Every structure is written in C-alpha cells, then in structure tokens.
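Asks: These are the residues of each chain, in order.
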Amino acid sequence: AQSVTQPDIHITVSEGASLELRCNYSYGATPYLFWYVQSPGQGLQLLLKYFSGDTLVQGIKGFEAEFKRSQSSFNLRKPSVHWSDAAEYFCAVGLNTGTASKLTFGTGTRLQVTL
Amino acid sequence: NAGVTQTPKFQVLKTGQSMTLQCAQDMNHEYMSWYRQDPGMGLRLIHYSVGAGITDQGEVPNGYNVSRSTTEDFPLRLLSAAPSQTSVYFCASRKIGGRSEQFFGPGTRLTVL
Numbered sequence: 006a007q008s009v010t011q012p013d014i015h016i017t018v019s020e021g022a023s024l025e026l027r028c029n030y031s032y033g034a035t036p037y038l039f040w041y042v043q044s045p046g047q048g049l050q051l052l053l054k055y056f057s058g059d060t061l062v063q064g065i066k067g068f069e070a071e072f073k074r075s076q077s078s079f080n081l082r083k084p085s086v087h088w089s090d091a092a093e094y095f096c097a098v099g100l101n102t103g104t105a106s107k108l109t110f111g112t113g114t115r116l117q118v119t120l
Numbered sequence: 105n106a107g108v109t110q111t112p113k114f115q116v117l118k119t120g121q122s123m124t125l126q127c128a129q130d131m132n133h134e135y136m137s138w139y140r141q142d143p144g145m146g147l148r149l150i151h152y153s154v155g156a157g158i159t160d161q162g163e164v165p166n167g168y169n170v171s172r173s174t175t176e177d178f179p180l181r182l183l184s185a186a187p188s189q190t191s192v193y194f195c196a197s198r199k200i201g202g203r204s205e206q207f208f209g210p211g212t213r214l215t216v217l
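Line by line, the protein sequences give chains D and G. Position one of the first sequence corresponds to residue 6 (my numbering), numbered consecutively onward. Position one of the second sequence corresponds to residue 105 (my numbering), numbered consecutively onward.
Excised from the complex, chain G in its bound form:
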C-alpha cells in the first residue's frame, strides 16, 4: 500500500493564481481531510469528507474548495491564492469512527508570493 499520497511536494504561486493540491489514498478509507500547518498554530482542519459525494467545512475553509467524486481521491482547490495561504498542507485519511487511526500524507509546501 502506498498509503496517503500528495502532489506536488512544493509549489510557488503568484497572488490570484489558482491550483489544485492532489491527495489520494489506497486504504479504502471513508474519511478524508485536509489540514494546514502554520508555525505556532498546530494543524487546523480546512475541509473533510465522510464518503464520496459528501464534504463539509472545517475550522478554516475560506478560500478553499473540495470535492469527493471517488473514495480514493480528495483534491483541495485554491480558487485565488493569497499570501495568507502560504503554509504546509496535509491530507489525511482513516476509517469511519472515532477509534480509528488517522494516516497523514507527506505534505505540500505552498508559497504564495
């Protein structure tokens, strides 16, 4: 199993540009989520999904869109990048239910100029 994969590893954008961060998992996990990690703030939940066709907002959803057309994939879209979105983004997945372990991808480091 590859686990949770993310692409790209690094990305530099100009303000106003759009892009999609890719996330895929091969563990047949129903629950997938996106976090951003900023110094001194831990990980904050952006969006999450409990299954194909079902998404919901997390703690910091503004400026981001998600969709879940398949169980495996959960892309994160930046509609119009802003310098405040400079961060490290992590995708995670787990089985449904609070007792399951959450697996994290290696992260995408995004810089918005």
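Chain D on its own, in the form it takes in the complex:
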C-alpha cells in the first residue's frame, strides 16, 4: 500500500524567507502527487498536483513542487513566504489506476510565519 511521510511536524520561517516542506512517498509505480493547504478552521484547498511530464510543477499562491523519482520525494517550495501562508500543509499520494483510486495523506506540516 502507498504511504506518505512528512518528516517535519512544525516549521517556523520569517516572512520573506524561502520555504521548503518535505514529502516522501512509498509506492511501486509513479503515483499521482498532491499538495493541499488548510487554513485554521477551514477545509483543504489544492495547491498543486503532479501526474506526469515536467517534474517541476507550479501551483497557486506562488508555490511550486518538484518530483524526484530517485528520492521518492515531492517537496513543496516557495521563494518568499508571506504571513498569510501560515497554515497546515498536507502532501497526498494517489494510485494512478482505476476508478476507485484513493488518496493517502501525510500527517501534515504546520507552518508558522514570523514577522
């Protein structure tokens, strides 16, 4: 079964600093990969997704992620963090077959932004 690991539970960065959130997955083939963001008290919003092709994907709010097959990673990056980026971020992996493909989520990384 697929699994997702987000090794950082909590990260604090200063506003304007760069950000990288780590995500590692375990799956036999190339999975579908997603990053979601959850603001306090809200549902989850899709930031970006990777299915195939170019391994660097761009998302909303200035985020990008790079798929590295050799490292089984899909790290999320942003060059300059804004205070409004403070939220919880979830990496998710989906099977790339069938109609009932399910998403498996990591445990999340909480981002704190200091001014």
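These are computed hints drawn from the structure, not numbers from a lab. There could be a bad hint or two in this list.
To be verified - Calculated cross-link-like contacts (lysine to aspartate or glutamate; reagent style EDC-like; alpha-carbon spacing at most 20 angstroms): (1) Lys-107/D with Glu-163/G; (2) Lys-107/D with Asp-160/G; (3) Lys-73/D with Asp-13/D; (4) Lys-73/D with Asp-59/D; (5) Lys-107/D with Glu-134/G; (6) Lys-54/D with Glu-25/D; (7) Lys-54/D with Glu-205/G; (8) Lys-113/G with Glu-176/G; (9) Lys-66/D with Glu-20/D; (10) Lys-54/D with Glu-71/D; (11) Lys-54/D with Asp-90/D; (12) Lys-107/D with Asp-142/G; (13) Lys-54/D with Glu-93/D; (14) Lys-107/D with Glu-205/G; (15) Lys-113/G with Asp-142/G; (16) Lys-199/G with Asp-177/G; (17) Lys-66/D with Glu-25/D; (18) Lys-66/D with Glu-205/G; (19) Lys-54/D with Glu-69/D; (20) Lys-199/G with Glu-134/G; (21) Lys-66/D with Asp-90/D.
Owing to the predicted nature of the structure, the values given are computational and were not obtained by experimental measurement.
Please arrange chain G on chain D, whose structure you already have, making use of the hints.
Replies: Same frame as chain D, but now just chain G:
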C-alpha cells in the same frame, strides 16, 4: 456552484447517541468520500463511494455507516457514538479517475462526551 457542503458545522453528542453528518455536492462528481482528521494523524479515509448505490470501506470504517442513494448526497452515520470518534470530519468529492482534483467540504467538528 456551492461545491461540497456539510452540515452541521459543530456537534456535541453523548456517548451512545447516534447521528448523521450530511454531505452534498453539486458538481455531478461520481466519487465521494469521508475522512476524519485527528491531530498528528493527517486525514484518514473512513468510507468512499464511486457512484449511487456503491460504497466501500476505507482505512477506519468501524463505527460508521454510509449510503449513496443519489449522486449528490453521501451521509455518514454514527451508530453509537464513542469518545474515540471525537474528531473533525471532512467530506470530499471528485470526478472518477486518479487525475481529477478532489474538493473538500468545510468540515464538521464533532465532540463525543
């Protein structure tokens, strides 16, 4: 489009009580699912459905029932609430196929005393 809607937003139950969490979507999505979110555990899949009349268990189905009589609605039933079911519950929907985006509802915060 309203997207994915959930009711209620908050609920407090006593142990042993039953209740139904409502979920509806207006995007004509075939696939609907329920997750629970607990601190440090991410989102865990409870039940899912690939269409009206078809449901299946996810990772943590015990204590929950679902049905899918229409494409739009996917209620989650707690048969006899337990304190371990205190959680935030999210409903989600998407088109069939792994490449489609999954849309989430705003969540229901449930406390079982």
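Asks: Which hints from the list above does the structure break, by number from lowest to highest?
Replies: none
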